[in-house]
Amino acid sequence: MTQGLINANPVVHAKKERIARAEDTHAADAVDSLDVFDSVRDIRDPEHPYSLEQLSVLSEESITVDKKLGRIQITFTPTVQHCSMATVIGLCLRVKLLQSFPLHFKVDINVSPGSHADEESVNKQLNDKERVAAALENPSLRQLVDECLCSSEL
Amino acid sequence: MVNAASWVSHIEAFVDISRPAEQQKAGVNTVAGLVKNDFLTLEALVKEMELYLTTTDDTIRARGILYLAEVLICLLSKALDSFTISSLAGFFSSRLADWRSLRGALIGCLALLRRKSNVGMLADNDARTLAQSMLDNVQVQLLAMHDRKLCFEVFQCLLDAHSDSIASLGDDFVYGLIQAVDQEKDPRCLVLTFHLVQSLVKLFLSQLGSEHVAQDLFEVLSCYFPVYFTHKIADDFEVKREDLSDALMDAFCSTPYFEPFAIPLLLDKLSSSLPLAKIDSLKYLNKCLLNFGTERMLQHAQNIWFALKDVILNHLPQAEILSSSVSVLGGDIKYHEHKIATEALICLKTTILQFTCPNNVDFLTLIIDDNVVERSFCSVTMEGSYSDNDDKNYLKLSALGSILSVAANSSIFCCNRVFQDFFPRLMVALGIDLRTSKHSADAYVEIVSQKFNYGALYLSVELLASSRDLIATVLESSNSKDSLRGSWWHLIQEFSGPLTSAFKSALMIPNKITAEGGNSNYMQEIIICSVKGLEVLATYAGEHTPVPRKSFEDILEVFILIIISRYEDSFLWKLSLKSLVLIGSCIARFKDSNMQMIYNEIVVRRLVRLLHKDSILPLDLILEAISEIGTCTLDLISPVIQGLEEAMLSSFLQACVDESFKSSQDLVLFLDCYCTKILPWCHTSGSIEQPGMHFVINILEQMEDNIAFKMKPEMQDLLDKMMMTMKLVVRGCAENNQYIILEKAYNIMLASANLPSNALLVSSSILEGFQLIPDFCELSCKNKMLLYFLASIVTALHQQTPLTNVARLLKLLLVFTLKGHLPAAQALASVANKLPNAVILEETIELILDSFSSVLSNNHQNEPHMLNSNDGASMHFCSNLQINAVIGIAWFGKALLMRGHGRVKDISMVILKCLLSNKNIVPSSSHRQSGNFIGEDMHYLVARSAADAFHLLLSDSDVCLNKNFHAIIRPLYKQRFFSSMLPVLHSAIKECNSPRTKALLYRAFGHTISGMPLTVLVADAKKVLPLLLDSLSVLDSDILNKDLIYSLLLVLSGFLIDEKGKEDIIGYVHIVIDHLIKFLSYPHMMLVRETAIQCLTAITAFPYTRIYPLRTQVLGALAGAFDDKKRIVRQEAVKCCHAWASMASRSIRF
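Residue numbers (this note's numbering), protein chains in the order written: chain A, 1 to 154; chain B, 10001 to 11150.
Just chain B, with the same shape it has in the complex (with noise of 0.2 Å):
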């Protein structure tokens, strides 16, 4: 037991109604926290606050009392004995009759109902005396928003426990409670009171039977429908319109006992010009027929199928049916009209499945005898009735379409009576007769080709869709098969022969008919239904197909054909790919195998023996094809995977062997599938193992047992796919087969290559091994490749692959490195990122780093062999040789940076130390002739290549070190560079004083900001702000850097932009400006002109007494830009001249 006095304190804070809010609800809880510990009493705290809650001053005593409650809201879950609880009870039932603390004594009461049994509930008769005292004292409707809230709550709190005690208050509550609800318009109160009146029709109208009250209550909730919002935030209540339309369905359809007053008010209001009220209608309709059950509904049947039709003829939008012409659902109008119709659908179908059973088929007859149906349907497949103007037959076409397919689709005794009684009639309007075509389906092409009965067809395939969409979710649904055929079966098992010839004709003569011109909406509109009805002939699922072998058989025929033949109509064309992917779909969702083998050899065994010879069909197409249609199931795609590897193959060995240009043109279209296609398919799906994996061995071995390959210089782009298929394969493998094919690739490697033993030994220097190692001018091309081969297998490598020989296989990469291959390079450097082993990695960085600086700090004397007797030769050697390692140091610099590695530090200074080597020459044109020149352009060069190493080190590669090929990132790397660089180069470019060097560094500097985030730079922009002005006015002039200058402006356009950049680069505007103006004339980048613009756009958000004075200058400089060669640049020009026009007056001078 505590002292009283120490929490006291607590209560005359939350009493004190000046003191702020948190000291109050801190006061609550440290009271709350004392009784649930059992330091405190309730008994104890409640005698303690005696004079709070009887006080005659109004205040204190509500602040008291509301205390009191807030402490027992934060005691839910303590155990409390009933006498406590009874006597809390009491007093605040009590005090429910005191208005000025009626809040306290509702928070309280609510405290007490929310109580759980297991740690002391409400007892029933104290709920009762609740209750009644809540219907004796408390006004509702007079009360504030708030406090009708809570109202709501306890009275939904006392239905929801206490349902036996409300019930003995009889009619009593009931009306009390809708005296309460009425007129209710609060959003937030509305939710609380549809569901209090849910609950109350449950209490009274479903257990007791009261049906008297049905007709009031009704009436409290009718009065909402349908809930129209003129509040556009909803975020304003916290209560969407959506939320309290659902909420009031709830309450509408709680009890049968609504029927009689709900279903009359829901179809008057489903003839409303209302969209709104329209959908709502039927939303609620659909819940009603659900939940009332069908014999009190069946009175409605006539009229709610009467409301229907009228819904489903007038609104169905066009865009349903005219699919060639489908406009972009857009605008509100268009929204609802499509939304009513889906309701309307929806609702339909809930109402044939409810009145329709075997026993009874009413409804089913009344729509199919209904007058306008048959009318509609007499009209619309009479021949000739549609052209491309004619939008209102295509609209009754399509509102009876969904009729009869929704009737079709409810169940399968619907099904037979709606094809029994159409079915015939719309093969009679086609012009299918069965005797003629058991004889010969051809004669039936020349009826078609006449005149097609569009009508007719369109409603055959709807009928054929509902039927087997109504197959695959009866046979998810259920296990009963016997039941499935029906007469609608043996209609379509008889028919389909013919219907598949009638499709076929009708896809074979649009060609002559568009020709001829005029209805080409139409005759399209014949192909997207023809190739719908094949298709949906095709999809029935599986073994309960009523379609024979043969059909199916044809209808793929009939695809592959258009497939392979009629490749320029590519409408038709991707139609029928569209059609064949879904039908392979199909197949594989019901696991069908006989189906599966027909699939396989008509289309896929077609396509791949495509791939092998020469067609007529254009290879991108084929590829297309067989991706699409590969890629839709997992056992279509082992047989695509091996004939396109096998035509990878051959034409690999022919493009490289043979020289054949065709086949190296084909392979680069292959393995752009492969790669971008295929195998990514392979690697989501994860069902097919090592995909890939099998090629690349298959190269490597063909690459070891044939000599002689060539290859001419335009291959290079397909050397360049050959690398990033193999990087992909090899990064999809798992460790061990990884670990195979580098096993393989090196060993061939070094067969082939035929290197001496020596060169690679770990002891000799690498300049030895530099030199024993011929070049490649010297090697067959064959080397060239299996080198790159083997570079990219290594990039793509897992980290926990274990590698053979590191060390040789570093100094393989390096040595190659070092003549320029930058796969090499690549490799190297993903080998750094990667190596798991400290100590070995310790060693490696050692030794390449030794390598690397051995070579750059330009001891020539070290290499008798290379310097011979041509002085110039051997400089250009050199200096070729320093560039190579500067770009092999700066992707193994990028390498350890990546991985966060501290040496990092030393190889940028490196590659400052290259860049500042070329401090002291100064060009000059009386050197032009000497020999020496050569040498310094070569220094220039080396510094230059140093210069751009800034650029490798920090962009971002798509061929190596990303997540894809397994690199270790860590976050921020980028920054932590930038910020460790930019003293070292701040204080470079200070103490330089050759211009040729510090337009170097100015390089340099430019690639380390530019790809950096903004708030870094601002965050230094003391230091960045002058050098990236500097370096904007020192690298203009030269072409080259004309990308570095975009990047820069880019970064400047960030500061322009930035709140805290802008603060910063305020000081500078006018030379920024002046900087800007210049760049409005950049002869060769259209970039730089239109980002100069813009930027300077953006200073007129600058303070105007900083920026004024320089207006006229701008608009001077402005006027030149609207001369500009470049539209765009034109368009930003004027733009950015009213901006700066505008901003002194409304009136524009110049």
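Same shape as in the complex, but just chain A (with noise of 0.2 Å):
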């Protein structure tokens, strides 16, 4: 492949500053949207060397979860209507959850409303199982996956 970037030359945001919990040594801390919000944060982009928190792709309000159903959504915003990345950024996400969080989750990734040029195939290859499963399959896309995942090792 030799075409250039897609998006040669994106917008960089702060990070925010990680906010310390209180501990309360009794009650339970139930999964709430800052939890996943602070495991995807740190994902790299595919194309440049800033994450995707920093890129704006990510926010905590774009999350929600949902205890009681054990659901999490996750909303993100790809930098430009045209990203192919959108597809890349949505199966890390997806893989960094199932690491992370207990299998009875269910989890939904999709690209914010008008946000992308083709959001209804974006969104119905993030959430089909069997594309996902697929995708993994492959190694080049996978080896995508796993660098991109590398960098929020901690």
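Incorrect hints may have been included.
[As the list claims (entries may be wrong)] In silico negatives: residues of chain A with every beta carbon more than 12 Å from chain B:
no.: 1; residue: Val12
no.: 2; residue: Arg21
no.: 3; residue: Asp29
no.: 4; residue: Ser39
no.: 5; residue: Lys68
no.: 6; residue: Val88
no.: 7; residue: Lys96
no.: 8; residue: Gln99
no.: 9; residue: Ser100
no.: 10; residue: Pro102
no.: 11; residue: His104
no.: 12; residue: Glu120
no.: 13; residue: Asp128
[Stated by the list, open to error] In silico DMTMM-like links for lysine to aspartate or glutamate, alpha-carbon gap of 20 Å or less:
no.: 14; chain 1: A; residue 1: Lys106; chain 2: B; residue 2: Asp11123
no.: 15; chain 1: B; residue 1: Lys11126; chain 2: A; residue 2: Asp146
no.: 16; chain 1: B; residue 1: Lys11135; chain 2: A; residue 2: Asp66
no.: 17; chain 1: B; residue 1: Lys10591; chain 2: B; residue 2: Asp10635
no.: 18; chain 1: B; residue 1: Lys10913; chain 2: A; residue 2: Asp29
no.: 19; chain 1: B; residue 1: Lys11125; chain 2: A; residue 2: Asp32
no.: 20; chain 1: B; residue 1: Lys11126; chain 2: A; residue 2: Glu130
no.: 21; chain 1: B; residue 1: Lys11126; chain 2: A; residue 2: Glu120
no.: 22; chain 1: B; residue 1: Lys11023; chain 2: A; residue 2: Asp35
no.: 23; chain 1: B; residue 1: Lys10287; chain 2: B; residue 2: Asp10246
no.: 24; chain 1: B; residue 1: Lys11135; chain 2: A; residue 2: Asp38
no.: 25; chain 1: B; residue 1: Lys11135; chain 2: A; residue 2: Glu119
no.: 26; chain 1: B; residue 1: Lys11125; chain 2: A; residue 2: Asp42
no.: 27; chain 1: B; residue 1: Lys10819; chain 2: A; residue 2: Asp66
Source of the hints: derived by calculation from the structure; they are not laboratory data. From a predicted model like this one, the values you see are computed outputs, not experimental measurements. Positions of the beta carbon are idealized from the N, C-alpha and C atoms, including for glycine.
Work from the hints to combine the two standalone chains into their complex.
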């Protein structure tokens, strides 16, 4: 592939300060959107050496967690309308969540409405179990995903 | 004279380069030793070495010459005659021409040059020949680093010791040296060359006046400025950038002749954009100003001022001014900016000091009349020029403030000038009019509240502060007092009244305005500024203060009013307290008795009075204020201590006699403050005699006089605090005072408890005493308090303090220990730990041990009175007694263990026996109804307390038996106990077949290893590990063991991380993992789960082949931990899962 970068010059935002949670020794800590955000904020963008948080692809507000129904919903905003990396970002998010949260959570990953030229098909692709599994079988794609996740290792 | 054959071999060893380095070194040292002790003459050595020194084989000749040189280095302190030195000098000088043996020749020359005159040094004409030979024969630039370094050292020695003969060489030497040092790049050599140039300058420019070489010499130096080090790791060269930079600076400033070249260069580099260049230029400039002399520098004055002005106006970091939004100085840029600003201000001060004297005010005028300064002054003192978003004006203000304060701070003369020019204008800007304000200070409030001129406020505070600092430094450096007062002094004196009320009114308005919202940052700045203004006005040096007494009193009044009534505004409250503390320590610093009196009257008295009556200010804030102010100086502490002690005594009486709940709460706060702030300060300052002693005695006397003392159960906290206070007070007292206190407490105790006289007789057995002394359920709680106080006092005694009636005291403590009073047990242990007399100690141990063992040996027949009608109750009584005895003996054992006494072994055996006595009893539900069960259960409780005794033995206590309370502590006592107990416990566990007892034994084992250093455990890993794993599996069923489980897991994690421990544990790794997986769902304690997961993560560092088969098992178990209810555990689980999953391949599959 000899094509150039899809978004050669992204806007980089400052990282939000990490809040140390006040520990309550007795009460249980339920999974909340900050938990989810904390686990995905450091995923690297497939194109740039910046995290998804820095590129404002994700924010805490774009994540909702329904503890009762066991659902995690993530809506992310690709940096440009025609970003072909949107599916890779979605895949990274899915793999990361799979690694960090119990399997009984149902994860929905969507691009935010109007942020992508091909919104419907991207959403469909991201939430199709078969296609996700197939994508992860693809060695080069798998490697790309692993590299993106790698930087978020603690 | 020794035989030549014996030492020639050393030379051969040295010359042969294939020999090991130690052998060669030894060869040099041996022969040098022979020469030093006159067993061998140098002449003989040289003669013997002739062949080595003159052979045509280059390598051997080089080694031979080097050998001779090395021997000479060792002989620096040996006296040699001038002929020998001269001929050696001739030899080495001529050898400099032989480039193959240059190293030896250089070292030889160095060895001769370094000789001191008292042992025969090089003659001047020899030195001259040597120097000439260096110039003629050695091409320094072409040599390797090490040889170059030697050459520079030779030159340095020549310049230092033989300057006369060098001087006769004239310019040849100078240019030869310039050629040698030119293009030098190695930092190790550069340090030398910089110093070399400096010496050269001193000799040729300062002494000989050859000015024409100045430019050439400076050119050599100038190309290194600013020193720029790309090499990050300084350690490689052992030379840091700072060292190099400092060496270059010294060379730069070494002579005024450099001035025409150096100053333009520095000013040029000052405008560079590289922060490092700026900092260095400023530093160099500062030093040059000091060294080159005013006359030469005067021509550059204007340029320097312009350059400095530029730097200060552009580089003052924001942090300095917006103190409320101070960000931590992170990052290089911020750091550099800060550094540039400070250096620039230092430089400015030096400049002003150098150029300004009463006869020459040009430079000061230059600054004061500067257009930029004037313009910024006008713009910053304009009203309403500040808002939160506009940093530019704040920056300008801060820059101007620093320039003016540096100017005013330089000297009294400058101070006068700056005050004359600016102070009245500032007062006008602030709206202070002397004519009106003289009539009524309060009228001023109206003007202020409308719009405060922040710029003017800030600048006037800066000016005041600089004049205050000026006085302080002048007073410290000289004794001339008459010159201090000038126009500035009168200006301040005149304006201080209105200024005080202006600051005061500024402090009064903020509440209204901040409530209206908007400019809160700005308002906070105004508060900071006003508080600082008041503080500065009150901290002028003692008698030289221009502030009249009235204003000083006003200021203190303002602060104390804020402290008393405006505690809701915590920001202002804290600032005011800090200022009061500062004023207090300032008064003490200048030792002004007048001010001290006023301060005492207005601040300290008022605060102390607050302690006694109810005030709106919460007690914890009163205590914070009073302790901060009290501890700022020695003179203030005594009224504070006195007030505090009186208040404590009265609330003690109210709490215990009148049963006032509020008083008891207050007293807890009092005691907290007293113990944590006042007493430690007294002890460290060491100037108050026996702090607290009177308080303790007073308490005891009050208890003697008052009969009715009551204590509610919720006052236990208070009792603990009182005991701690007693201990802390007593521990700080000298031996004789401790004795007095102890006597008092003991006598009161005896009198009050009304103990039967024979109860404490030495001869009577302990159990008789036990019956004779009534229980505290029958005694008043006054006696309980007295006993506890007595125990606390005993606990904190020195080793040397004499004890009266040791036997009776011990008996008393022993009896109450058996009655279950923990402080008595601790006091008993303290006595046993500190008894200095070996005989008494043995007797005591015998007595105590006997009593405890007789209780524990379970012979109820001896106690007919206790076994009365009700069987169950008596069983209960006996087991309680035994539990108390176990606790007592554990403390006692700890005391002996700490001082390293041998009997501790017996004690541990007694405890172990007590633990094992439970052995034969098997609990069964069928017994539940029978009375027998109670007995068994009681037995179990006794045995369990015996297991816990091991915890007591090895844990550190903060209430007794520690360094604070003068305990004797032998090093490594825990380790010694561990190695003696491990085999015993090991065999006991092996032999034991009752599961309940086994569990207790594991508990005891767990306590024994939990606090032990890892290295000890690893050394005994073969025995410890199986036991450790077993105890983990046995103990996890009982919730009571959760803390123990946690500490055992910590021990396990230590094994997993330690290199040696890993080797031992690798054989058990599957069992370990099984256990850890079980703990992943441990319900009682989050820390256990977290630590278990961390241990699993640590295991991934083990050899791959061992752990790979366990991978699926671990990953499966970790999936459960993802659902843990605690967030920390979940996060750890994710990390651990990642570690295990990525072990096999790059991609992660579940």
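- Task: Would you list, in rising numerical order, the hints stated earlier that this structure does not obey?
- Result: 2, 3, 4, 7, 8, 9, 10, 11, 15, 16, 18, 20, 21, 22, 25, 26, 27
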